[in-house]
Every structure is written in structure tokens, then in C-alpha cells.
Amino acid sequence: MKTLTQTPYQQPLLEMLQRPLPDKRAIGFWWLGQAGFAIKAGEAVIMIDPYLSDSLAQKYRGTEFSHVRMMPSPILPEEVSRVDFVLGTHLHGDHIDPGTIPIIAQRHPQCRFVTPKAVSHRVVELIPEARTLPINAGERITLSETISVEAIPSAHEELKINERGEHEFLGYLLTIGDVTIYHSGDCTPYPELEQHLRNHKIDLALLPVNGRDAYRLSRNILGNFTLAEAVAICQNADIPLLLAHHFGLFNFNTINVTDAEREIAALRGNRQYELVKAGVTYLLS
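So the sequence shown is numbered by UniProt numbering: it starts at 1 and just counts up by one.
Read the hints as simulated data drawn from the structure, not as lab findings. Treat the hints with care, as some may be off.
No farther apart than 20 Å at their CA atoms in a straight line, the calculated lysine to aspartate or glutamate pairs in the EDC-like style are these [said to hold, decoys possible]:
| id | residue 1 | residue 2 |
| --- | --- | --- |
| 1 | Lys160 | Glu150 |
| 2 | Lys201 | Asp178 |
| 3 | Lys2 | Asp238 |
| 4 | Lys277 | Glu263 |
| 5 | Lys24 | Asp84 |
| 6 | Lys201 | Glu150 |
| 7 | Lys24 | Asp178 |
| 8 | Lys2 | Asp23 |
| 9 | Lys24 | Asp54 |
DEER-style ranges, computed between Cβ atoms [to be verified]:
| id | residue 1 | residue 2 | range |
| --- | --- | --- | --- |
| 10 | Met71 | Ile221 | 12 to 22 Å |
| 11 | Ala265 | Pro128 | 39 to 49 Å |
| 12 | Pro20 | Glu78 | 18 to 28 Å |
| 13 | Glu43 | Asp238 | 29 to 39 Å |
| 14 | Gln272 | Met71 | 19 to 29 Å |
| 15 | Ala130 | Ala266 | 47 to 57 Å |
| 16 | Glu163 | Val280 | 23 to 33 Å |
| 17 | Gln272 | Gly93 | 27 to 37 Å |
| 18 | Lys2 | Ile221 | 29 to 39 Å |
| 19 | Glu43 | Glu192 | 33 to 43 Å |
| 20 | Thr142 | Pro20 | 17 to 27 Å |
Beta carbons are placed, not taken as given, at the ideal position from N, Cα and C, and that holds for glycine.
I would like the entire structure built from these sequences, with the hints used as guidance.
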């Protein structure tokens with residue numbers, strides 16, 4: 001079984017991403033806030049759902065939900081020194097960020113962007129079409145000799161499929177060597193999800209746990225797994241490692257971390273299931 005270790009870091013994240021990993025066989029992870037992660041494997045750097053700007057605070061200034069950050073971005077878009085692939089799970093601005101994606105595209109001409117086919121017409125408003133790698137549920141893209149990504153459906157309160165059969169919300173199975181990581185994007189349980197996951201030998205799940213309720217839904221704030229649901233999905237799909245995320249950024253859409261720490265400790269049994277932490281280097285080996 002793979003192991004996940006964690007070490008706090010004091011240096012800026014941009015420096016951590018530039019450093020070689022202490023174990024060349026390991027994969028490094030850093031939480032970017034919300035659903036965002038930076039992943040390093042060898043020299044390659046992959047980002048999933050990086051929200052590194054304040055574009056939503058600018059968009060919603062003066063409204064009921066102002067989207068003011070509760071935590072700073074650990075790295076600014078213009079500080080990113082290398083990124084080879086960006087995976088965007090869906091079009092919402094805290095996942096495919098209009099304040100982050102164009103800057104990365106401009107500064108890193110080798111970078112390619114994996115995004116849902118269903119929203120390709122919107123993505124090309126941010127970056128050149130030639131830089132995109134559109135994908136739909138059930139499809140797989142080879143990114144390099146050792147890295148590939150497969151898409152599965154996600155239900156952001158519901159599955160949303162257009163007339164061409166393209167899913168608007170996706171989760172990604174990222175395979176790096178013999179390691180498979182599942183990032184669900186924004187997702188709630190749906191009947192086929194656990195079977196999708198059991199079809200793969202997943203080592204680590206990255207799941208959102210800010211939950212959902214009628215109040216937020218009535219204001220078009222779509223929800224995610226509860227912490228208990230995320231743990232149950234990992235247990236039922238035999239996923240040994242879980243980093244729970246999507247909290248601590250916006251005050252109207254977060255969790256009580258103290259309560260959540262107690263809850264996950266009571267639920268996880270002997271599995272390594274935990275809330276992700278900022279300022280920590282995670283090594284999967």
C-alpha cells in the first residue's frame with residue numbers, strides 16, 4: 001500500500017515547487033486552497049483547479065456573497081515558475097479561474113489544459129484552442145510516457161449532460177506511473193459513482209467536503225459531499241488515502257474545521273483519511 005507523509009514548509013510555495021523531491025520515486029502534493037492542488041512527479045508539475053487570483057472577489061464585490069478570501073493564495077499566477085498541465089474539472093470560477101488560467105497560458109507556452117468538452121466553447125475565451133485538451137467522461141488522454149488522465153462523471157448536485165452527451169462536471173483519475181489519484185472536482189453522491197471508482201485501483205482521493213443545503217442551493221451555490229459521505233465513498237471503493245478539501249476560502253461555503261477533525265477521526269478507522277492542510281508538503285510513495 002502507498003504511504004502519504006506530510007511535512008510543514010516555511011519557504012514560499014514557488015520555491016518548494018522548484019526544488020527536487022527528496023525521494024525521486026515519490027509524488028509531491030501541495031494544497032492551493034479550495035479544490036486546487038499542485039502535483040509534482042519528477043520534473044513535471046500538474047495543477048488541478050488552481051484558483052490563485054481574486055477574480056471572484058472582484059466579480060461579486062458588494063453582493064450577498066462577496067467571495068472575499070479567508071486564506072491567501074499560497075502562490076500567485078505570475079509566480080508559477082513551471083507547470084506542464086492544468087486540469088480544470090468544470091467551468092465555475094474557483095475551478096477554471098479566469099484570473100489564473102490566461103496568465104499561466106501566456107507565461108508557460110508548453111502547458112496544456114485538460115477541460116470538459118462540454119465547456120470548450122467557453123474555455124477558448126480564456127486560452128487558445130490549440131492549448132486545450134478537451135475530454136469527456138469515459139475518455140482517456142495520455143499526457144506523457146508516465147502520466148495519463150481519465151475522466152468520469154461528477155454530480156455537482158446533479159449530473160449535467162448536454163445534447164451531445166458531454167458532461168459539464170467531471171472528475172479525473174490521474175495516473176502517474178503505478179499511482180492513481182482521484183480528484184472528483186465538485187461532486188455529490190450518485191448511484192454509479194462507487195462502481196466507477198471500484199473499477200480502478202485508486203491510491204489517493206481528493207474530495208470536497210463543504211456539504212450542501214437548501215439555503216445555499218436556493219442561491220445557486222451548488223454543494224458537495226459531506227465529510228461522512230466522502231469517507232463512506234472511500235471506504236466502499238477501497239481507497240486507502242483521502243485528503244478532504246474545499247473549505248476555508250469563502251465564509252459562506254466552508255466547514256467548522258475543529259468539528260470536522262473530530263468527525264473524521266471517529267469515522268476513518270485505520271485508514272489515513274484527513275483534512276488537507278495549507279503550508280504542508282505531502283509525499284505519496
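Item checked: Structure versus earlier hints - violations, ascending order -> Violated hints (numbers, rising): 9 and 16; every other hint is consistent with the structure.
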